[in-house]
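In terms of the working numbering, the sequence shown has 915 at position 103, counting the first letter as 1, and numbering is strictly consecutive.
Keep in mind the hints are simulated off the structure, nothing from the lab.
Computed from a predicted structure; not experimentally measured.
Glycine included, every Cβ here is placed at the ideal spot set by N, Cα and C.
Worth double-checking, as some hints may not be accurate.
If you anchor each label on the Cβ, the simulated ranges turn out as follows [said to hold, decoys possible]: (1) Arg957 to Gly930: 36 to 46 Å; (2) Asp922 to Asn878: 14 to 24 Å; (3) Arg957 to Pro931: 36 to 46 Å; (4) Gly959 to Arg857: 30 to 40 Å; (5) Asn878 to Thr854: 13 to 23 Å; (6) Gly917 to Gly892: 16 to 26 Å; (7) Ala902 to Ile871: 14 to 24 Å; (8) Asp929 to Ala902: 35 to 45 Å; (9) Arg957 to Thr900: 17 to 27 Å; (10) Thr833 to Ser862: 13 to 23 Å; (11) Asp929 to Asp832: 40 to 50 Å; (12) Gln911 to Glu864: 27 to 37 Å; (13) Glu907 to Pro931: 32 to 42 Å.
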Amino acid sequence: MALCHIEPYRTRRPTQIMADTIHVECIATQTAVRGLLIGIRTWLRAANLSEENCGTVEIALAEALNNIVEHAYPADLPGGIAIDLALTAAGLRCELRDQGAALPGLGPPDTGLPPIDGPRESLPEGGFGWSLIRTLSSRLSYERRDGENRLTLEFNLNPA
Numbered sequence: 813m814a815l816c817h818i819e820p821y822r823t824r825r826p827t828q829i830m831a832d833t834i835h836v837e838c839i840a841t842q843t844a845v846r847g848l849l850i851g852i853r854t855w856l857r858a859a860n861l862s863e864e865n866c867g868t869v870e871i872a873l874a875e876a877l878n879n880i881v882e883h884a885y886p887a888d889l890p891g892g893i894a895i896d897l898a899l900t901a902a903g904l905r906c907e908l909r910d911q912g913a914a915l916p917g918l919g920p921p922d923t924g925l926p927p928i929d930g931p932r933e934s935l936p937e938g939g940f941g942w943s944l945i946r947t948l949s950s951r952l953s954y955e956r957r958d959g960e961n962r963l964t965l966e967f968n969l970n971p972a
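Construct all of the structure, not just a fragment, from the sequences and the given hints.
This is how it looks when you write it as structure tokens:
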């Protein structure tokens with residue numbers, strides 16, 4: 813598998829180059845994820861999404877993808893990540909899949925933001941990412957099926 817691969821599935825109208833749905837894959841490394849996010853943002857911009865929408869989706873996906881890179885696979889043996897993105901009348905649906913370790917408890921943490929009062933040095937190492945993903949997405953679901961993690965994020969999109 814190449815570091816990053818983007819494949820359009822179908823077009824809305826024959827005169828449009830933009831695809832309604834794309835499939836992207838990469839190796840679970842920070843460098844590959846960075847390239848994948850650049851490709852996704854380019855696709856979102858080509859779909860005439862507002863900069864606000866593009867930023868919201870990019871931040872949520874970056875958090876989710878970085879969790880896969882950091883926690884799903886051993887550092888010395890990164891596996892693959894596949895994402896299907898679909899633009900619909902209701903918004904954007906993103907399904908992330910990997911064959912790494914399952915989420916603890918077989919689901920994303922259901923906690924809010926950790927307390928942030930007090931000195932900066934006392935802030936926890938983690939816990940902010942899942943809260944951010946939940947805040948930015950309109951719907952989040954996770955399942956572990958046949959040795960594969962499936963995380964689905966949906967976004968309601970504001971008009972451009």
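Tell me, in ascending order, the numbers of any earlier hints that this structure violates.
The structure conflicts with no hint, since it agrees with every one listed earlier.
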